[in-house]
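Novice: These are the residues of each chain, in order.
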Amino acid sequence: AQSVTQPDIHITVSEGASLELRCNYSYGATPYLFWYVQSPGQGLQLLLKYFSGDTLVQGIKGFEAEFKRSQSSFNLRKPSVHWSDAAEYFCAVGLISNFGNEKLTFGTGTRLTIIP
Amino acid sequence: GAVVSQHPSWVICKSGTSVKIECRSLDFQATTMFWYRQFPKQSLMLMATSNEGSKATYEQGVEKDKFLINHASLTLSTLTVTSAHPEDSSFYICSASWGKTQPQHFGDGTRLSIL
Chain A
6 AQSVTQPDIH ITVSEGASLE LRCNYSYGAT PYLFWYVQSP GQGLQLLLKY
56 FSGDTLVQGI KGFEAEFKRS QSSFNLRKPS VHWSDAAEYF CAVGLISNFG
106 NEKLTFGTGT RLTIIP
Chain B
745 GAVVSQHPSW VICKSGTSVK IECRSLDFQA TTMFWYRQFP KQSLMLMATS
795 NEGSKATYEQ GVEKDKFLIN HASLTLSTLT VTSAHPEDSS FYICSASWGK
845 TQPQHFGDGT RLSIL
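One line per chain: the protein sequences are A and B, in this order. Be aware that the first sequence starts at 6, since it is given in our numbering, and climbs by one per residue. Be aware that the second sequence starts at 745, since it is given in our numbering, and climbs by one per residue.
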């Protein structure tokens with residue numbers, strides 16, 4: 006079965022500093038990989054996704070992620086964070102369900118705090 | 745685009761009652777909808793997957809008679825928590841997708857509190 010590990014439960018970063026959130030996955034085949042962001046009390050917004058091709062994926066809000074097969078990782082990065090980036094970030098791996106859509110398995114999330 | 749609306753956003757009810765949560769795709773036809781449950785400060789756990797006009801597929805450990813899912817049209821799925829008890833209190837989130845390899849788009853969630 007597929008699994009996703011986000012080693013960092015909570016990260017604090019100064020506004021304007023760079024950010025890297027770690028994600029490792031376990032899956033037998035080439036995975037579909039996603040990063041979502043969740044603000045308190047709300048649903049999830051898709052930041053970016055990797056299906057195939059270029060291993061460096063650009064997303065919304067200035068985020069990017071790099072798929073590294075040798076390390077089974079899909080880390081999320083942003084060169085300069087803004088206070089509005091404070092949220093919970095979830096990495097997910099997708100498995101094609103019986104209906105042909107991705108059945109997502111989520112990591113436990115990383116809470117990002119931004120300090121002035 | 746790809747807006748998913750979930751209603752209600754917050755509901756409080758007495759133990760033993762049934763609660764219905766709606767999930768609508770507003771600007772696309774959702775061939776598949778997913779229902780998740782999220783406990784405080786935890787990740788999302790998939791409860792079930794449903795296709796329009798078909799029976800939902802439930803994840804292991806999820807009681808299908810307690811969590812009734814209906815996907816009556818390409819834009820609407822409902823989750824009914826029957827005979828709800830305090831342990832059913834949680835944050836329920838739906839998502840919708842319009843095709844294979846298409847990402848899921850999430851609603852804003854429903855906070856359910858059972859007294």
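None of these hints come from the bench; they were simulated from the model. Among the hints, erroneous ones may be present.
Below, in silico cross-link-like pairs of lysine-lysine (BS3-like), each with a Cα-Cα straight-line distance of 27 Å or less [as the list claims (entries may be wrong)]: (1) K799/B / K785/B; (2) K810/B / K758/B; (3) K54/A / K785/B; (4) K66/A / K785/B; (5) K785/B / K758/B; (6) K54/A / K66/A.
Novice: Check the hint pairing K785/B with K758/B against an upper bound of 27 Å on the C-alpha distance.
Specialist: Holds, at roughly 24 Å.
Novice: Please verify whether K54/A and K66/A have alpha carbons no more than 27 Å apart.
Specialist: Distance of about 14 Å is within 27 Å: holds.
Novice: Does the structure keep K810/B and K758/B at a Cα separation of 27 Å or less?
Specialist: Given that 27 Å is the threshold and the Cα spacing comes to 16 Å, the pair holds.
Novice: Tell me if the straight-line CA distance from K799/B to K785/B falls inside 27 Å.
Specialist: violated (31 Å)
Novice: Check whether the Cα positions of K54/A and K785/B lie no farther apart than 27 Å.
Specialist: holds (24 Å)
Novice: Is it true that the CA of K66/A sits at most 27 Å from the CA of K785/B?
Specialist: Status holds; Cα separation ~24 Å.
Taken one by one, the earlier hints fail for this structure only at number 1.
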